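Chemist: This is what each chain is made of:
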Amino acid sequence: MEHKGINLTLKVWRQQNTTSNGEFVTYQVKDISQEMSFLEMFDVLNEQLIQEDKEPIAFDHDCREGICGMCSMYIDGKPHGPWQANTTCQLHMRAFNDGDTITVEPWRAQAFPVLKDLVVDRTAFDRIIQAGGYVSVNTGNAVDGNSLPINKNDADASFAAAMCIGCGACVAACKNSSAMLFLSAKVSHLALLPQGDPERQSRVVNMVAQMDKEGFGACTNTGACEATCPKEISLSNIARLNQEYLLAGLTSN
Amino acid sequence: MLNAKIPAGPLDDKWTDYKGHCKLVNPANKRKLEVIVVGTGLAGASAAATLGELGYKVKAFCFQDSPRRAHSIAAQGGINAAKNYQNDGDSVFRLFYDTIKGGDYRAREANVHRLSEVSGNIIDQCVAQGVPFAREYGGLLSNRSFGGTQVQRTFYAAGQTGQQLLIGAYQGLERQISLGNVKMYSRHEMLDIVMVDGKAQGIIARDLISGKLERHFGNAVLLCTGGYGNVFYLSTNAMGSNVTSAWKAHRKGAAFANPCFTQIHPTCIPVSGDHQSKLTLMSESLRNDGRIWVPAKLGETRKATDIPEEERDYYLERRYPAFGNLVPRDVASRAAKERCDAGYGVGTSKQAVYLDYAAAIERYGKIEVSKKGLENVSKEEIIALGKEVVKEKYGNLFDMYQKITGENPYEVPMRIYPAVHYTMGGLWVDYELQTTLAGVYALGEANFSDHGANRLGASALMQGLADGYFVIPYTIGNFLADEIYNKPISTDHPAFVEAEKEVSDRISTLKNINGKQSVESFHKRLGKIMWDKCGMARNAEGLTEAIAEIQALKKEFWSDVKIPGGINEMNTELDKANRVADFIELGELMCKDALDRNESCGGHFREEYQTPEGEALRDDAGYMYVAAWKYEGDSDWKLVKEPLVYDVIKPSQRNYK
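As given, the protein sequences belong to chains A and B, one line each in that order. Using our numbering, the first residue of the first sequence is number 1, and each one after it goes up by one. Using our numbering, the first residue of the second sequence is number 1, and each one after it goes up by one.
In isolation and in its complexed conformation, chain A is listed as follows:
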């Protein structure tokens, strides 16, 4: 393996807390191995800041293998950076060249207030799930798993929607900060399965109402969410959500 060291200029959003004003601060990092992940490059920068008696940059991260959905950097104008179907933690420095300037911002959305530096509050997503993103089944009520055969294509389509990691990149990519892709992924996951059927009307109505209440914007179908989604959640889920919503309106009591 080659170990090419590159030098970079980083423009990073620094903000002390939710109420303070933020600003871009410029940093230099040197001899960055292209084998590093983007967050490991941030580890190097933070170590450098600590040694310079400065406060390290706060950023969210946890599993560093692309599944927990915690990392959330807006890199050069794109959530999770330049690679397709990728999270920030899986972005590697091979994507950059010596001398590049990289701009790093937090998710920008009214419903995701900045807590500090690059860390935002995404609990709005949890509240949308609380509004109906589940099957109401208490532990102990279940019948045998194989007593309910499910068409494989439906199960696969449901799984494809359920792969959403709740990172919020779709909201960050959208010019209106709409949460429709996130919401539609959950509605699709459950609407495609018989288990989700009894609550399908109330689920979609309540979840949409909660989304609106949280301050997410409207959807205009530009598809920026789908293009940026690390798990490639399809835009067709939004069509299914609209259909579910319409049907709920027409048929509910």
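Since the hints were derived computationally from the structure, they do not count as laboratory data. Since the structure is predicted, the reported quantities are computational estimates derived from the model, not experimental observations. Even glycine gets a Cβ: it sits at the ideal position worked out from N, Cα and C. Take the hints with a grain of salt, since some may be wrong.
[Said to hold, decoys possible] Computed, partial: chain B to chain A, Cβ under 8 Å: (1) I73; (2) A74; (3) Y85; (4) I123; (5) D124; (6) G139; (7) S178; (8) G240; (9) T280; (10) Q402; (11) I404; (12) S518; (13) G565; (14) I567; (15) E573.
Chain B: place on chain A using the hints.
Modeler: Using the frame of chain A, we list chain B on its own:
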């Protein structure tokens, strides 16, 4: 001697009898009882949701921004259950037996049998929640095989089983939150347990956004905080995974059992440099089709693809013809280390072996040719067809490998090396999952009870959900039934005040050290000591050195650590410092435990104790016990033993040859 409170009677009847006779709490009283759940992975989320459904007042805590981030989400392969849907001879007994044998006869029979009994209920519950498991064309659930078993009992959702199960439990939890039965505290870290008259009565937690300390009352505290693999710095754990909550309970009196039992997973992406922050697992399922090899000759410099077949050493197939590439994890890891130590490793670091898909691609290609009835196909066309099949089966893993290494695993063999993955040790618990502290319970990876000295694949998810959905809802009632006579204590009680002060003083002490070295640098040094001397192979000399080195590191940490930023604000360095301080203490205990156990078993391999063929040599006469350590003071522990009494299974030498 510890009393595990295992119910009397035949193994098959213990759990049923227990459930039939344990105390109950009536619905009106449940509403008055508060339960604190720390951690929201599979064990924590399932426990919090279920206890909420039952009517208890639950407070759930996690350090991440949402309960859905817990590291259970990263589990790839699957979840075992003794459903016998494949009609291939599976049964509750077989799953029980495989788990005990896989654990090298160091797990508790009664707990493992109960785990096996409830395994089927877990699948039913998850299906009812809408977990999209893989299915066959007939619409029924699909199964696959995993290491260490001869039946197909693993349920899965592509390579994201942990994610789907956690989302199921998370949704159940969010439902209880919306109903007001559970109050969620995300971005909170538990920093101490509050004990009153010998019983847990709550916790001290730190709000990681504001930095403020909070007091929370609870009639019981459930620790569902996962494993401590990050003591090695580099592991497949998430960056935030830590031992802190469990360690606080330990320091307050909860015994810590078998701390040296750690699982090193054989198939991970190797370390690429000093900057490495974590390691990534490549699912065990890859060993179904891939072949593992190293060059047969020392000092080999050719590229993998240029090395002819006869100059390759498929060492697992050579050493273990019966199980080949599918030997259990501990065996496969040690074999890789043996080859690399002997100088046959590959890659720049020479600390890697090849996992090769060329043969599988060609084999699948030929099957496709015959399926499609093609004639006169070139080798290139066969390979292209085979790649399509491999892509369908393992595409997401291959993509991940390529992102991380920059190499295309469809063209060149993957390089893999063992990495720390799971910890079988943990807080000692009795049959009811209660620790030696009254009112404190440990669930999932945080406890020690079910996997002995080595965990089989697809069993961690099973245990987490068994504990949370089906065990704790019964056993906690047996404890809380007596709590209805006690009034809840106020958080102004002196015990709360004192506990908060202790936490606050410790944070100030840490912050005021104002040294020169970052938290991360200490963590890296601890990890190196642990990996070198308490990793895949241990010996008395190395462990003795490691204990001295860790004690010195602890001193240095408490006199030279540097934590920028303030206390009453979001401060990720302070969060880390709190955790690393505990890891350092745990590291010492792990080495002490490893030094004390003069035998090899499962993941614990003492070089002094091996068969002539280099396999683990157990000493059942001397070490057929759980080593539970009681904290007595700084670097001071007392060993308490729980003898392992096997009524049903007769321990024997594990043989995979």
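Chemist: Now look at each hint and say whether the structure bears it out.
Modeler: Results for each hint:
1. I73: It holds, given that the least Cβ distance between B:I73 and chain A is near 5 Å, below 8 Å.
2. A74: Holds. Min distance 5 Å.
3. Y85: B:Y85 check passes; min Cβ-Cβ to chain A is 6 Å, inside 8 Å.
4. I123: OK, holds: B:I123 within 8 Å of chain A, min 5 Å.
5. D124: 4 Å, holds
6. G139: 3 Å, holds
7. S178: 4 Å, holds
8. G240: Since the shortest Cβ distance to chain A is 5 Å, the answer is holds.
9. T280: 5 Å, holds
10. Q402: At about 10 Å, which exceeds the 8 Å cut-off, the nearest Cβ of chain A leaves the hint on B:Q402 violated.
11. I404: 7 Å, holds
12. S518: Holds. Min distance 5 Å.
13. G565: Holds, because the Cβ-Cβ distance from B:G565 to chain A comes to roughly 5 Å (cut-off 8 Å).
14. I567: 13 Å, violated
15. E573: 6 Å, holds
When each numbered hint is compared with the structure, violations occur for hints 10, 14.
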